[in-house]
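J.: Sequence:
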Amino acid sequence: MSSRGLFITVEGIDGCGKSTQASLIACALEAAGHDVLRLREPGGVKISEKIRAVLLDPANGEMGDVCELLLYEAARAQLVHEVIRPALAAGKTVVCDRFYDSTTAYQAFADGLDRDMVARANELAVDGCRPDLTLVFDVSVEEASRRRSDRAAEDRLELKGLEFQHRVAAGFRAVAADEPGRVKLIDAGGPIAEVFSGVVAELRTAGMAVSEDDAAAALATLSAYQGKC
Numbered sequence: 278m279s280s281r282g283l284f285i286t287v288e289g290i291d292g293c294g295k296s297t298q299a300s301l302i303a304c305a306l307e308a309a310g311h312d313v314l315r316l317r318e319p320g321g322v323k324i325s326e327k328i329r330a331v332l333l334d335p336a337n338g339e340m341g342d343v344c345e346l347l348l349y350e351a352a353r354a355q356l357v358h359e360v361i362r363p364a365l366a367a368g369k370t371v372v373c374d375r376f377y378d379s380t381t382a383y384q385a386f387a388d389g390l391d392r393d394m395v396a397r398a399n400e401l402a403v404d405g406c407r408p409d410l411t412l413v414f415d416v417s418v419e420e421a422s423r424r425r426s427d428r429a430a431e432d433r434l435e436l437k438g439l440e441f442q443h444r445v446a447a448g449f450r451a452v453a454a455d456e457p458g459r460v461k462l463i464d465a466g467g468p469i470a471e472v473f474s475g476v477v478a479e480l481r482t483a484g485m486a487v488s489e490d491d492a493a494a495a496l497a498t499l500s501a502y503q504g505k506c
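If you want this note's numbering, it's the 1-based position in the sequence shown plus 277.
Worth flagging that the hints you see were computed from the coordinates, not collected in a lab. Heads up, the beta-carbon is just placed ideally off N, CA and C, and yes, glycines get one too. Worth double-checking, as some hints may not be accurate.
[To be verified] Here are the computed distance ranges between Cβ atoms for each label pair:
1) ARG397 to LYS327: 23 to 29 angstroms
2) ALA366 to ALA454: 30 to 36 angstroms
3) ASP404 to LEU439: 34 to 40 angstroms
Could you build the full structure based on these sequences and the hints that come with them?
T.: Here is the structure:
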């Protein structure tokens, strides 16, 4: 066994609850003794955050699909180069909110770009740096839209509408069907704690010793944070 750290990614349509679950995963793994680094895509480092601002700005509605693809890959390549690969080499556990499966779902399945081309672009960006475990939070597009209604404003991708989100959801399910060993579908339609129980089960199946106390500590941390908001 090498000393490389664990690389976990979380995926799903906008409003599926993945960011909340990413926080819980990070807290539970920290409680279990892991040295955890939590990241998001696009973003995570200065260059990638600047690209994120361009990608999500509703004012950039004229952006072409290939331009969008290449910007995502550029942000990803910098994050892998600057943070993810060094962190894994140091034995850290990396939890990333989105990674290349989002590009497959959004740019290939939803936007209709050639899937082989998208796969090659993904590989160029990550240069062999692939997740050990990917959790896709599966929820109906209508429920996800309802959850997003509390947000102040929609970003450029959310403004593409519900039919676009349906294609994204189908893309994520196809990714899970193609790579069942790495990609696990999580029913995200229920309460946060119920969804997290499914997450913990998958973490344990993947060999991560997350105890009931570790999971409870994560939920307590989330509750305390929400109570301050």
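J.: Decide, hint by hint, whether the structure agrees.
T.: Evaluated hints:
1. Taken as a hint, the range 23 to 29 angstroms holds for the pair ARG397 and LYS327, whose Cβ atoms sit roughly 25 angstroms apart.
2. As the Cβ distance of ALA366 to ALA454 is approximately 32 angstroms, the hint placing it in 30 to 36 angstroms holds.
3. For the pair ASP404 and LEU439, the supplied restraint of 34 to 40 angstroms holds, since their beta-carbon distance comes to about 35 angstroms.
Checked against the numbered hints listed earlier, the structure breaks none of them; every hint is satisfied.
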